[in-house]
Each structure stands twice: as C-alpha cells, then as structure tokens.
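Colleague: Residues per chain are reported as follows:
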Amino acid sequence: MNSEFDFEKIGKQMPYKVPAGFFDEITNSTLEKAKERERKSKIRRIYTIVSVAASFLIVVSFAIVLNVQRQKHQPDNVVMVEPVKTEKPVVDSVFANAAEVVKTENEAEMPVTAKPETLDNLLAEMTDEELDQLADDLNDELFVDELTND
Amino acid sequence: MVILLAPVLLTAQNQRPAFRERLLNARFNEISTRMQLDAAKAEKLKPIYFRYEKEKASVFIVDEERISKKDRENLSPEQEEKLYISRLERAKKLIEIREKFYPEFRTVLSPKEIVQFNRIEMELNRRMAQKIRKRLNEKEE
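For the protein sequence lines, the chains are H and C, in the order given.
To convert, take the position in the first sequence, counting from 1, and add 7; that gives this note's numbering.
To convert, take the position in the second sequence, counting from 1, and add 8; that gives this note's numbering.
Hints may be right or wrong, so weigh each one.
Stated by the list, open to error - When the alpha-carbon atoms are kept at most 30 Å apart in a straight line, the in silico BS3-like pairs for lysine-lysine are as follows:
| id | chain 1 | residue 1 | chain 2 | residue 2 |
| --- | --- | --- | --- | --- |
| 1 | C | Lys54 | H | Lys122 |
| 2 | H | Lys122 | C | Lys52 |
| 3 | C | Lys64 | H | Lys122 |
| 4 | C | Lys90 | H | Lys122 |
| 5 | C | Lys100 | H | Lys122 |
| 6 | H | Lys122 | C | Lys101 |
| 7 | C | Lys108 | H | Lys122 |
| 8 | C | Lys64 | C | Lys120 |
Calculated directly from the structure, the hints in this document are not laboratory data.
All values derive from a computational prediction rather than experimental measurement.
The task is simple: from the sequences and hints, build the whole structure.
Modeller: Here it is, written out as structure tokens:
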C-alpha cells in the first residue's frame, strides 16, 4: 500500500461534497431548532413556577397545621371571655358645632383572664419525649439536692 | 427556601421557650405560695429566680447527648463511667450557680428563707419526677 500522499495529483478538485439542497434548508432547520429550544425553555419555566408554588403551599399548610395543633394545646384554665361591648359616646365631628349629635360605638375589647397555671396541668400537656427530657433535668437537680440538703 | 421555611421554623422555635416560661411561672407560683411570700417580695424575687433557672437550664444535658431509657439499660462499663462523670460535672456547675446566685437571693430573702426555698424546690422536683415516672410507666404497661 502506498502511504505517501501526493498533493499535486489532487489539483483543483474539492475533496468534500455538500448534500443537495443543504443551503436551501439550513435557514429553515436553524429556525426550527430555535423554536424547539424556546418551547423547551418555556416548559422548564412552567415547571419551576409550579414547583415553587407547590413548595410554598406545602410549607404554608404545614405552618397552619402546626398552629392549629398549638391552639388545641392551649391550657384549659385560660378562659377566653366574650368580647365586652361597651357603649361609648362619640361626637361626630361634622355636626359637632351645629348640634351635639351623639353616636354610640361598640367598642370590642378582648380581656383574657387566666388562672395561674398549675404544674400538674402543664405536665399533662407535655409529650412523652418532653417528659423524658424534663425527668433527665430533674434527676440532675435531685442529685444536687441530695448532696446539698440534709 | 429559608424564606419559605421561616414561618414553620419560627413557630417551632417559639413554642418551646414559651412553654418553659409557663413551667417556670407555675413553679415560682407554687414556691412563693408555700413560702407565703407577700406580693412585693414575690415580685422582687421572680426575676432573680427566672435568671437562676435559665442559667441552670444551660447546664442540663443537651438533647444530642441524651440516652434513651432502653439504651440506658445496656450501657458498657465505659459508657456508664462517662455518664457518671458528666453527671458529677453538671452537679458541680449547678452548685456553682447556687453559690453565684446566693447573694442575689439574699437581697430579697433571709438565710432561713433561702434554706426553705431550696427545700421547697427539692420537694417540687421530687414530686414532679414521681409524676413523670408514673405517667411514663403507665404508658409502657
């Protein structure tokens, strides 16, 4: 086999051939590809928005559930008193000088009267895990109590 | 993500300290009632007691080091020793805190009252520990 390459023998011939209609179709095919890229990027953007919205919804629902649970654990001895409606005279500024037009306004107040919480009530509210932790702390205290008290 | 999680994290973080505060309030009410402290004395004593308890809370075993009841039964001699030494260390710190706060308590209470205060606290600790043990044992049965 002759491995030597003679450049002179090639002359002015083109060593490569362009497929028929290549230059006619190049514009269309490039535009098609660009459209495809734009379509994919739109889909990706929609996916991103949907996933962010979904995460937000999950987090908000989780916070709501936690809050509801916390409200359920409110101590029984905290008495929420019905709003007390007091009739307070209010002078309407427009008619103030002409005649004393006195209106009444319902003033809502939310007084909360709380009896002092007892340790028993609070212990009843605690979870087993929290009680276990508190027991550990109390053991340390009792250990010291035994060392220091006669 | 931090912004998204913020409400949840805040709710979770706020719950525990608020509860601890309620627990401390209940303990203080019980101690001051049993000591028959007048309102003015109780009011002066309360902030000192809260600071004292908060400092003590910083000494207690951290959650990561806690050992479950089950694991506690199967400790190796080395683990047992480590546990005992760390309990002694904590006890030393708790005594130091008592010593540190003594002058502050002394501004409100007489030495006799301080002894009474410690005794009532100890009784309270015993009673609480018993109740906790009882409740946890009832659950296990």
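Colleague: Work down the list of hints and note, for each, if the structure agrees.
Modeller: How the hints compare with the structure:
1. C/Lys54 x H/Lys122: holds, 18 Å
2. H/Lys122 x C/Lys52: holds, 21 Å
3. C/Lys64 x H/Lys122: Given that 30 Å is the threshold and the Cα spacing comes to 27 Å, the pair holds.
4. C/Lys90 x H/Lys122: violated, 44 Å
5. C/Lys100 x H/Lys122: Given pair C/Lys100, H/Lys122 is violated - Cα atoms ~37 Å apart, limit 30 Å.
6. H/Lys122 x C/Lys101: violated, 35 Å
7. C/Lys108 x H/Lys122: At roughly 33 Å apart (the allowed maximum being 30 Å), H/Lys122 and C/Lys108 break the hint.
8. C/Lys64 x C/Lys120: Holds: C/Lys64 and C/Lys120 sit about 22 Å apart, inside 30 Å.
In terms of the numbered hints stated before, the structure departs from hints 4, 5, 6, 7, listed from lowest to highest.
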